[in-house]
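Model the placement of chain F on the given structure of chain D, informed by the hints.
Chains D and F, in that order, are what the protein sequence lines are.
With this note's numbering, the residue at position 4 of the first sequence is 4, and numbering never jumps.
With this note's numbering, the residue at position 324 of the second sequence is 324, and numbering never jumps.
No lab work stands behind these hints, which were simulated from the structure alone.
By construction, the Cβ of each residue, glycine as well, lies at the ideal position given by its N, Cα and C atoms.
It is possible that some hints are incorrect.
Some but not every residue of chain F turned toward chain D, in silico, with C-beta under 8 Å [to be verified]:
id, residue
1, Asn-266
2, Glu-267
3, Asp-274
4, Tyr-277
5, Phe-306
6, Glu-308
7, Met-314
8, Asp-345
9, Met-382
10, Pro-384
11, Leu-385
12, Glu-391
13, Leu-395
14, Thr-397
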Amino acid sequence: MSYSTKVLDHYENPRNVGSFAQDEEGIATGMVGAPACGDVMKLQLKVNKDGIIEDAKFKTYGCGSAIASSSLVTEWVKGKTLDQALDIKNTHIAEELALPPVKIHCSVLAEDAIKAAVADYKSKHGTTVETNMCSSH
Amino acid sequence: MVKTPVYLDYSATTPVDPRVADKMIPYLVEKFGNPASRSHPFGWEAEKAVEEAREQVAALVNADPKEIVWTSGATESNNLAIKGAAHFYSGKGKHLVTVMTEHKAVLDTMRHLEGEGFEVTYLDPEPSGLVDLEKFKAALRPDTILASVMLVNNEIGVIQDIATLGEVCRGKGVLFHVDAAQATGKVEIDLAKLKVDLMSFSAHKTYGPKGIGALYVRRKPRVRLEAQMHGGGHERGLRSGTLATHQIVGMGEAFRIAKEEMATENERIRALRDRLYKGLSQIEEAHLNGDMEWRVPHNLNLSFNFVEGESLIMAVRDLAVSSGSACTSASLEPSYVLRALGRSDELAHSSIRFTIGRFTTEEEVDFAIDLVTRNIGRLREMSPLWDMFKEGIDLSTVKWASH
Numbered sequence: 001m002s003y004s005t006k007v008l009d010h011y012e013n014p015r016n017v018g019s020f021a022q023d024e025e026g027i028a029t030g031m032v033g034a035p036a037c038g039d040v041m042k043l044q045l046k047v048n049k050d051g052i053i054e055d056a057k058f059k060t061y062g063c064g065s066a067i068a069s070s071s072l073v074t075e076w077v078k079g080k081t082l083d084q085a086l087d088i089k090n091t092h093i094a095e096e097l098a099l100p101p102v103k104i105h106c107s108v109l110a111e112d113a114i115k116a117a118v119a120d121y122k123s124k125h126g127t128t129v130e131t132n133m134c135s136s137h
Numbered sequence: 001m002v003k004t005p006v007y008l009d010y011s012a013t014t015p016v017d018p019r020v021a022d023k024m025i026p027y028l029v030e031k032f033g034n035p036a037s038r039s040h041p042f043g044w045e046a047e048k049a050v051e052e053a054r055e056q057v058a059a060l061v062n063a064d065p066k067e068i069v070w071t072s073g074a075t076e077s078n079n080l081a082i083k084g085a086a087h088f089y090s091g092k093g094k095h096l097v098t099v100m101t102e103h104k105a106v107l108d109t110m111r112h113l114e115g116e117g118f119e120v121t122y123l124d125p126e127p128s129g130l131v132d133l134e135k136f137k138a139a140l141r142p143d144t145i146l147a148s149v150m151l152v153n154n155e156i157g158v159i160q161d162i163a164t165l166g167e168v169c170r171g172k173g174v175l176f177h178v179d180a181a182q183a184t185g186k187v188e189i190d191l192a193k194l195k196v197d198l199m200s201f202s203a204h205k206t207y208g209p210k211g212i213g214a215l216y217v218r219r220k221p222r223v224r225l226e227a228q229m230h231g232g233g234h235e236r237g238l239r240s241g242t243l244a245t246h247q248i249v250g251m252g253e254a255f256r257i258a259k260e261e262m263a264t265e266n267e268r269i270r271a272l273r274d275r276l277y278k279g280l281s282q283i284e285e286a287h288l289n290g291d292m293e294w295r296v297p298h299n300l301n302l303s304f305n306f307v308e309g310e311s312l313i314m315a316v317r318d319l320a321v322s323s324g325s326a327c328t329s330a331s332l333e334p335s336y337v338l339r340a341l342g343r344s345d346e347l348a349h350s351s352i353r354f355t356i357g358r359f360t361t362e363e364e365v366d367f368a369i370d371l372v373t374r375n376i377g378r379l380r381e382m383s384p385l386w387d388m389f390k391e392g393i394d395l396s397t398v399k400w401a402s403h
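Same shape as in the complex, but just chain D (with noise of 0.2 Å):
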């Protein structure tokens, strides 16, 4: 299989790899995906009391489309709001990254990863927010 420059730079250089401690002020997580499925997405989002996006982190358990769909999804969140994130859509991530129709599945769980770690942030600050995590494919 080949790979577009895009992927193979952010599998090669990941931005943002790591976690943020769970007790910390402001941090949400958002974990998607399962390891029989072959691919599995943690995505933290560090909030400050503006609600702005500071930061971001991720760690995926995956193939390089579904480990560049995540690293690209931490730079794009940043300064964002948590509503503008929820902007982000997998047909976004997939045409920066010319994913293949059979790594489509990676920028869909991409964007799950947002929307959960949103839904995340906002149960803990008492809104709730629609997440589709069962998205078929």
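Showing chain F alone in chain D's frame:
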């Protein structure tokens, strides 16, 4: 510095030994005659070369040259042996026995015969990859006409005890076919002693050319086959088609070299494999696939837990290796061989088969150890599953979000 990619995929195919190539070339250009031409020296010369090669192939496995039939490779040999025997002896019974971990050339042939009304028993191997003798015995029935068990497995390199299995078959009047494509030059084969009736060979796994193989067909007691390829009646009617003299000469020379050098070569390869295993077994959660005792020295097959298979193959692209992962092969299933050993899908996907050969060097092995170790570490640093494992969480108890 080693030249990359480093070739550690000798069980996929081997380069033609330069000595073999040198012997082949004259039979393409000057000595081009058809071995079936009986009326002039061009044919006589080609026929002589073919018969000499037949002796060389027979010598490696201690058989009579008359028992060697040329084919296009081990796939054709397996087809001819299994279909040929099944068709010829179908009056005696319609049951066949084989093992889940056989090569597709055997399994798919068996499937085809099922479509023709034969019944096939597919034995599960033990977790070691070996066939259990009692289960094998129990599978043989009065209407069983043939059992097929490979000598050396292509993925995990385990060696089946064909001497014992052959005795069982002979005792019960069941024909015994052995796919030895991965075995020549790696393990001793003595067909004068072994109770094997049919054995498949390939040239290109033993430093010969692709596109040529052979089938051993025992004469005493005589085994009959129904031909699968009809035509000019070559190979005593068992396999029609003009003989590929240059390929045959290449296979003969490759097997001659194998006979002469296998003892010393295997010692050298074993030392390299042990070095590779010693280095890679330092990696945490690296699981060996297949038995280590009953195994050719050329093969090492390891699964690396908590690393996803495709990203692993991407990480080691400076190595030419095979993987049990779906994404690197045409099929979407993880290795059926590793699944048959009871490995989980995740471990089957994250496996790497390293196969070492005649031209592998110590530097290449050290390069592989370093590359794999560094990249497994890198991918695990990135893996949430590795974190959870390190925190002592049992991943099988985690409720994963369905997606």
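Verification of the supplied hints:
1. Asn-266: violated (35 Å)
2. Glu-267: At about 38 Å, which exceeds the 8 Å cut-off, the nearest Cβ of chain D leaves the hint on Glu-267 of chain F violated.
3. Asp-274: With a minimum Cβ separation of about 31 Å from chain D (threshold 8 Å), the hint on Asp-274 of chain F is violated.
4. Tyr-277: Hint violated; Tyr-277 of chain F Cβ to chain D Cβ min 26 Å, cut 8 Å.
5. Phe-306: This interface hint holds because 7 Å falls under the 8 Å limit.
6. Glu-308: holds (5 Å)
7. Met-314: holds (5 Å)
8. Asp-345: holds (6 Å)
9. Met-382: holds (5 Å)
10. Pro-384: holds (4 Å)
11. Leu-385: Since the shortest Cβ distance to chain D is 5 Å, the answer is holds.
12. Glu-391: Result: violated, 11 Å to nearest chain D Cβ.
13. Leu-395: holds (6 Å)
14. Thr-397: Nearest chain D Cβ about 12 Å off; hint violated.
In the structure shown, a violation is registered for the earlier hints numbered 1, 2, 3, 4, 12 and 14, in ascending order.
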